[in-house]
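Chains as they are written, first to last, in the working numbering: chain A, 1 to 249; chain B, 1 to 493.
A couple of the hints might just be wrong.
[Unchecked claim] When the alpha-carbon atoms are kept at most 27 Å apart in a straight line, the in silico DSSO-like pairs for lysine-lysine are as follows:
(1) K161(A) - K329(B)
(2) K50(B) - K76(A)
(3) K76(A) - K87(A)
(4) K126(B) - K86(B)
(5) K329(B) - K50(B)
(6) K452(B) - K161(A)
(7) K205(A) - K161(A)
(8) K141(A) - K161(A)
(9) K87(A) - K86(B)
(10) K126(B) - K116(B)
(11) K50(B) - K126(B)
(12) K116(B) - K50(B)
Derived by calculation from the structure, the hints in this document are not laboratory data.
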Amino acid sequence: MGGSDRYCKAIPLRQRTCAILALILYLPLPSQTAAAQDASAPPPLTESFAAITESPLVPDDDGFIRRWMILEPIAKPNPTNTVFTGKYVRQALSRETYPGDFDSIPEAGEAVRGDQALTWHALDSKLWDVRLFDFAQALGKPKYGVVFWMVTIIDSPREMKNVRLAVGSNSASRWWLNGEVAVELFDDRRMVVDDVLSDRVTLRKGRNVIRGAVINGPGLSDFCLRLLDESGAPIRDLEINFGPSRRPA
Amino acid sequence: MKEALPKARRVAIIAGAIALSQAFATPALAQLEGNVFIHDPSTVVLSDGKWYTFGTRGGGLVSEDGWTWSDGPVRPGGGVAPDVIKIGERYYVAYAVGGGGLNGGHASEIKVMWTKSLDPGSPDFKYHDVGTVASSDGIERNDAIDPAFLLADGRLWLSYGTYFGTIRIVELDPTTGQRLAGNDPVDVAIDMEATALLYRDGWYYLLGTHGTCCDGPNSTYNIRVGRSRDVLGPYLDHMDVPLLRGGGKLVSAAHGRMIGAGHFGLIDLGGGVEKFSLHYEADMDRSGRSVLSIEPLLWRDGWPVGGSNLTSGTYEIQSERSGNALQLKTDFVRIGFDARRSFMANPGDPVSPLPDQSLADNSAVWPDGTIRADLSAYMVRPNQHWTIAPVEGAGGYFGAPYYSIKIAGTDRALAVTADGGEVETVPRFTGGDAQLWRIDQLTDGTYRISPKGQPSGNDTALVAIGTSTASLNRFDPTSDAGRWRFYPAEPPR
Chain A
1 MGGSDRYCKA IPLRQRTCAI LALILYLPLP SQTAAAQDAS APPPLTESFA AITESPLVPD
61 DDGFIRRWMI LEPIAKPNPT NTVFTGKYVR QALSRETYPG DFDSIPEAGE AVRGDQALTW
121 HALDSKLWDV RLFDFAQALG KPKYGVVFWM VTIIDSPREM KNVRLAVGSN SASRWWLNGE
181 VAVELFDDRR MVVDDVLSDR VTLRKGRNVI RGAVINGPGL SDFCLRLLDE SGAPIRDLEI
241 NFGPSRRPA
Chain B
1 MKEALPKARR VAIIAGAIAL SQAFATPALA QLEGNVFIHD PSTVVLSDGK WYTFGTRGGG
61 LVSEDGWTWS DGPVRPGGGV APDVIKIGER YYVAYAVGGG GLNGGHASEI KVMWTKSLDP
121 GSPDFKYHDV GTVASSDGIE RNDAIDPAFL LADGRLWLSY GTYFGTIRIV ELDPTTGQRL
181 AGNDPVDVAI DMEATALLYR DGWYYLLGTH GTCCDGPNST YNIRVGRSRD VLGPYLDHMD
241 VPLLRGGGKL VSAAHGRMIG AGHFGLIDLG GGVEKFSLHY EADMDRSGRS VLSIEPLLWR
301 DGWPVGGSNL TSGTYEIQSE RSGNALQLKT DFVRIGFDAR RSFMANPGDP VSPLPDQSLA
361 DNSAVWPDGT IRADLSAYMV RPNQHWTIAP VEGAGGYFGA PYYSIKIAGT DRALAVTADG
421 GEVETVPRFT GGDAQLWRID QLTDGTYRIS PKGQPSGNDT ALVAIGTSTA SLNRFDPTSD
481 AGRWRFYPAE PPR
């Protein structure tokens, strides 16, 4: 988005064409048309993601969790990210607003019935971060004013204490570990590595469910998440596995 | 420079002062407490869980925390200005007998003895004489007093001397404390006394005191330094002036109510915290008496510099890791502002000042009870301003008092969570240990913030574990994550 993105993120706008905005701030912009989108030819989903395999995935060299079940974005128009206070985000991203049964694990291709027809996708990010904007854009879904829900399953070889979830997100987000809120990121923010860390938590031996939601108005949506040990080092001896646990009981 | 008083009179005056020291002056905040009356303190060393320093004549001071001091054991041998170093199981003690202008003379001997404990209650407490390791004959241009040890790369060195001639260095045997056979003294400086030697990063540092001693609030004592790649010199200052010609870069001088800084001694507490002991010839809040002080030691461009404890005030607390400010983790409160009008305004349109956000506006969204603290971009907001002050009666640790850290204009105080693992704020400051903080200046000038209850060796501190997250974690001196800067902030309106 270039340097003008900082204006676009903070100022209420109906559309996001920041390069133009830098020249004609606050002049009415034409609606984003289908023709305009075709001309820009968004990159395909395979640019940033790959379909998951049968094999469990391990965190990458830096510990980032790349395998996620991602729900197509829920439209939640917000012309500005400055509304993302703790109070707002806790209400917008909660058990009650989760599209489905909060305590169950969605399956790839599962449809969510509601006002909007949405589908879960099981994907491996090709990058250290998870580019939700690219995901939405490739599927022809809304890119701005959206909520993304994600779920992943971490298979731990043993109980691990004093673990921290380290999250960066654009913009605000909330994250649950095994049903309990672990990390919250509020306000208008960009994704950076290890932005907000959870209190010390315990990973169970075997399956652990991490569920998260990112809310964004204008701008790119994305997140990164890894688990750090007491010394701050990435934890890598984990498997991300949507199938049955391969760990002995 | 010329001594205002010969060392003999100094000794008499100091002895009298120490004898009278039972009637302690009211301790001032941000200074050491208890009996801190001493002159020419030796390097502070740890023995049997307590910290010891010895002064001129036999008396010394002892402390369990480096903050509150009391009368220590009497060192045998008398004399002036001892130094102590621990090598293996032995504490070697060097002290001078004679000289210092005693009866107008400068004939003196530096003697060494050792003991395995400085605690008279220990079965290992027993002094063994080593003998004389250096001397001056009263005619030569040297006065063998004020010894100071340095152990570096397995070799033991001793500097000594005063304004009467030169500062000299000799080499001792670290296994016996005796002078190495055939070793001759080497002149390394003039216009110095109360020297100390340091070794760091391939440099030898010779510190010593310039100025006039022993004249209370009129003493001009100040600590200077030169350095050399060779322990035997030549020592030069930052302007390349040889210490043998009177050079010396300033390390510490009078400040505030403390006059006449002298007799440096390194205290390396580990974990990136270095401090130094010294005496001030006059503490203006303690009748102008000579007192022990412990202050932070900084290193800048390869030179030791005296640091300072944080003074009371209202500050932004900035993380050296992320540059973000420590703040109450509360909902962001916007300042009323019409962005559209601002961007559309013409250059010539009139402008007027916007008021700062008030504490009342900011605190309107604060929940009751405890509130966590996190890090965010500094926005000059009331939830980012902390009033920090020493807590009277709370004690301290090695020259730094325990502080309260409160949101400015409120009684809401930074505290350790009940489980001891995280940091939060509580609505009311009660003075409990969980609400008291050590703030130690580190060698680079930044600060470490540690909760009270840090026994020696425990290195838990406030650490930026993420860009926007602060927690209590092990302090890593090689990382910026546990380093903080304090920038003065306007008090809330």
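Against the structure, the hints:
1. K161(A) - K329(B): 25 Å, holds
2. K50(B) - K76(A): Cα-Cα ~64 Å, so violated.
3. K76(A) - K87(A): Status holds; Cα separation ~16 Å.
4. K126(B) - K86(B): 15 Å, holds
5. K329(B) - K50(B): 41 Å, violated
6. K452(B) - K161(A): It holds: about 25 Å lies between the C-alpha atoms, which stays within 27 Å.
7. K205(A) - K161(A): 10 Å, holds
8. K141(A) - K161(A): Between K141(A) and K161(A) the Cα gap is close to 39 Å, so the pair fails against 27 Å, i.e. violated.
9. K87(A) - K86(B): Distance ~59 Å between K87(A) and K86(B) Cα, so the pair is violated.
10. K126(B) - K116(B): Since the Cα atoms of K126(B) and K116(B) sit roughly 7 Å apart, the hinted pair holds (cutoff 27 Å).
11. K50(B) - K126(B): 17 Å, holds
12. K116(B) - K50(B): 14 Å, holds
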